[in-house]
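Q: Given next are the chains, with one letter for each unit.
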Amino acid sequence: MHEYSLCIALLGQVERIARDHRARRVARILLRLGPLSGAEAPLLRHAWPLAAAGSLAAGAELVIEAAPVVVRCTRCGAETEAAPNRLLCGACGDWRTRLVSGDELLLAHLELADIEPEVPRACASPSP
Amino acid sequence: MCDTCGCNITDANAHLLRPGGRLHQTGEGREAVTVLRNLLSENDRQAAHNRAHLDRHQVLAVNLMSSPGAGKTALLEATIEALGDTLRIAVIEGDLETENDAERIRARGVEAIQITTGSACHLDAHMVHQALHGLDLSTIDLLFVENVGNLVCPASFDLGQHYNVTLLSVPEGDDKPAKYPVMFRAADLVLLTKADLLPYLPEFQPGRAERCLRDLASAAPCLSLSARTGEGLAAWLDWLRQTRALLVSQQAAGSSRRPAIQPEGQALHAGEGAF
Ligand SMILES: Nc1nc2c(ncn2[C@@H]2O[C@H](COP(=O)(O)OP(=O)(O)O)[C@@H](O)[C@H]2O)c(=O)[nH]1
Ligand SMILES: [Mg+2]
Ligand SMILES: [Zn+2]
Ligand SMILES: [Zn+2]
Ligand SMILES: [Zn+2]
Chain W
0 MHEYSLCIAL LGQVERIARD HRARRVARIL LRLGPLSGAE APLLRHAWPL
50 AAAGSLAAGA ELVIEAAPVV VRCTRCGAET EAAPNRLLCG ACGDWRTRLV
100 SGDELLLAHL ELADIEPEVP RACASPSP
Chain A
0 MCDTCGCNIT DANAHLLRPG GRLHQTGEGR EAVTVLRNLL SENDRQAAHN
50 RAHLDRHQVL AVNLMSSPGA GKTALLEATI EALGDTLRIA VIEGDLETEN
100 DAERIRARGV EAIQITTGSA CHLDAHMVHQ ALHGLDLSTI DLLFVENVGN
150 LVCPASFDLG QHYNVTLLSV PEGDDKPAKY PVMFRAADLV LLTKADLLPY
200 LPEFQPGRAE RCLRDLASAA PCLSLSARTG EGLAAWLDWL RQTRALLVSQ
250 QAAGSSRRPA IQPEGQALHA GEGAF
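These protein sequence lines are chains W and A, in that order. The opening residue of the first sequence carries number 0 in numbering that gives the first Met the number 0; numbering runs sequentially from there. The opening residue of the second sequence carries number 0 in numbering that gives the first Met the number 0; numbering runs sequentially from there.
Check each hint, because a few of them may be wrong.
[What the hints assert, rightly or not] Computed footprint of chain W on chain A; a stretch qualifies when at least three of its residues, placed anywhere within it, have a C-beta under 8 Å from a C-beta of chain W:
#1 77–84
#2 150–156
#3 172–182
#4 211–219
#5 237–245
Worth flagging that the hints you see were computed from the coordinates, not collected in a lab. We put the CB at the ideal spot given by N, CA and C, even for glycine.
Use the sequences and the hints to build the structure in full.
A: So, in structure tokens, the structure goes:
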């Protein structure tokens with residue numbers, strides 16, 4: 000439902016990182032998205048070009064990696080995969096589990112291009 | 000979707016897009032950077048600031064979420080009726096563009112700030128921050144945020160509240176937690192509302208709603224109540240009083256509390272190297 004706002008947030012982070020690295024272009028963006036994050040990959044893919052238009056990330060390839068839903072049982076300690084609406088322990092069936100993976104909404108990795116060389120220091124004043 | 004309703008750019012977050020704002024666009028060999036950063040970290044930073052405002056004044060903030068019409072405003076009216084003499088209550092209204100709900104609250108003598116979200120489908124921490132600055136927090140004990148009626152997005156946005164309460168009304172069916180796991184996992188307390196309708200809708204079984212909730216590995220208490228008849232209201236009021244007493248002692252000791260789901264996710268993802 001709020002994928003466009005998420006894309007605006009993503010763009011902000013991507014631009015900041017690109018600037019910190021003096022990149023003029025972003026080539027590839029990798030997101031890690033769990034089914035319990037509340038965001039849908041197809042909607043993000045659809046909203047991204049609208050959000051990124053005109054920015055240095057406009058041409059970036061957006062790759063969305065699905066994170067599996069994994070729970071850790073507080074009773075028997077097993078780590079098992081689960082369905083998003085049935086987070087029960089796959090080993091003993093107990094409901095008292097903790098989510099280990101599946102709710103993430105992460106900017107995982109960026110590939111930056113057209114990196115500007117470091118600006119040489121002005122030589123008028125000797126550096127302290 | 001928000002790209003058609005335009006809720007992404009609100010009066011409250013527009014400053015981020017202006018020159019000098021954090022999200023401002025600058026004009027124009029590959030380098031790979033591993034980031035591992037939550038997309039909502041900008042919102043979360045604002046939410047932490049909101050929580051600090053609330054904690055400084057020892058206010059308990061409760062975020063009410065549900066589908067439209069589940070009875071959030073009716074519950075607030077009944078709560079004000081019951082607690083208004085002993086606790087100083089204020090309400091931030093995010094539901095709908097009109098002032099209808101805010102006026103229903105003001106009619107009970109309680110201050111209500113209406114957030115006009117336009118056609119937005121959720122509140123974010125920036126909108127709530129703006130509303131907080133319209134309130135004198137030193138005169139408030141208990142702040143309710145009535146979120147936009149929607150079982151999808153509101154769950155993803157931390158507003159700076161201490162507790163999430165999700166309402167599920169009897170006419171909606173008892174399997175809603177299985178259909179909206181993100182929303183119901185975010186709840187610190189689930190209220191089964193309009194319990195006066197249970198005799199007419201025997202297919203709604205409170206036990207089944209609670210089982211769906213446990214299937215989400217949620218230990219959140221699940222209470223049935225009716226704002227109309229007042230049945231079950233006492234347990235909700237007790238929960239509010241106890242929750243407030245606990246929080247105030249934490250705030251006095253310099254700590255706070257975040258809605259149940261967030262510390263867990265944060266801790267786990269911090270383990271992956273996020274910052
Ligand atoms: N029968 C019954 N109806 C209720 C109850 N609470 C709210 N309603 C009705 O449900 C409708 C929506 O309620 P409202 O509080 O505006 O829902 P909101 O959209 O979640 O704020 C109104 O017509 C209310 O009168 C209740 O406990 N029992
Ligand atoms: Mg309402
Ligand atoms: Zn939304
Ligand atoms: Zn187990
Ligand atoms: Zn502030």
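Q: Run every hint past the structure and note whether it holds.
A: Verification of the supplied hints:
no. : hint    : result
1   : 77–84   : violated (count 0)
2   : 150–156 : holds (count 5)
3   : 172–182 : holds (count 5)
4   : 211–219 : holds (count 6)
5   : 237–245 : violated (count 0)
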